[in-house]
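Protein chains: 2
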Amino acid sequence: MYKAIITVRLRPSILDPEGKAIEQALQSLDFSALSGLRVGKYIEMNVEATERDVAEQMVDAACGKLLANPVMEDYSYELHEA
Amino acid sequence: MYKAIITVRLRPSILDPEGKAIEQALQSLDFSALSGLRVGKYIEMNVEATERDVAEQMVDAACGKLLANPVMEDYSYELHEA
Chain A
1 MYKAIITVRL RPSILDPEGK AIEQALQSLD FSALSGLRVG KYIEMNVEAT
51 ERDVAEQMVD AACGKLLANP VMEDYSYELH EA
Chain B
1 MYKAIITVRL RPSILDPEGK AIEQALQSLD FSALSGLRVG KYIEMNVEAT
51 ERDVAEQMVD AACGKLLANP VMEDYSYELH EA
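Heads up: the protein sequence lines correspond to chains A and B, in order.
In case it helps, our numbering puts the first sequence at residues 1 to 82.
In case it helps, our numbering puts the second sequence at residues 1 to 82.
Please keep in mind that the hints were generated in silico from the structure rather than gathered at the bench.
Warning: the hint list may mix true and false statements.
Said to hold, decoys possible - Here are the simulated distance ranges between beta carbons:
(1) B:Gly64 to A:Val54: 32 to 42 Å
(2) B:Asn69 to A:Glu73: 22 to 32 Å
(3) A:Asn46 to B:Glu48: 38 to 48 Å
(4) A:Ser13 to B:Arg11: 16 to 26 Å
(5) B:Glu56 to A:Val71: 34 to 44 Å
What the hints assert, rightly or not - Listed next, the stretches of chain A that the computed footprint assigns to chain B, with coverage defined by at least 3 CB atoms under 8 Å from CB atoms of chain B:
(6) 22 to 29
(7) 36 to 44
(8) 47 to 55
(9) 71 to 78
Think of the CB as a built atom: it goes at the ideal place given N, C-alpha and C, for glycine as much as any other residue.
Kindly produce the complete structure, drawing on both the sequences and the hints.
As structure tokens, this is what we get:
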């Protein structure tokens, strides 16, 4: 079994209103040294597979089909043996 | 300057309805080998500081005050020199 850690991020060219709102909230709390904040998703899940490349294929397919929007988002993942 | 990569996750004891919904959607797409899916936030931002421990303190305070809900969520972060 593997544990997959996936991060899904908006592409750099896509506006991130959620990140902007959080950044403004930080500014109003006097965190003026923090900037360029962007928010993405962090997903973890278990993958039932005996071979690493099978697990990788499965996670990649799940990201491409459901977890990320390929038009607006990039994803990356790590697999850890569990 | 540093780049901070923050992950905010629900504590293990807290139910994650969003993760559950995504997991069910994966099951219905025939990804039956994927389980235990949980969703968190991935946040990246720039930290304007010359010393690492100053940057660390700032990120830690921002997480505790705004980015994470200390009752329901755990956070962790990495700092990379940029």
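**Request:** Taking the numbered hints from earlier one at a time, note which ones the structure violates and give those numbers from smallest to largest.
**Result:** 4 and 9
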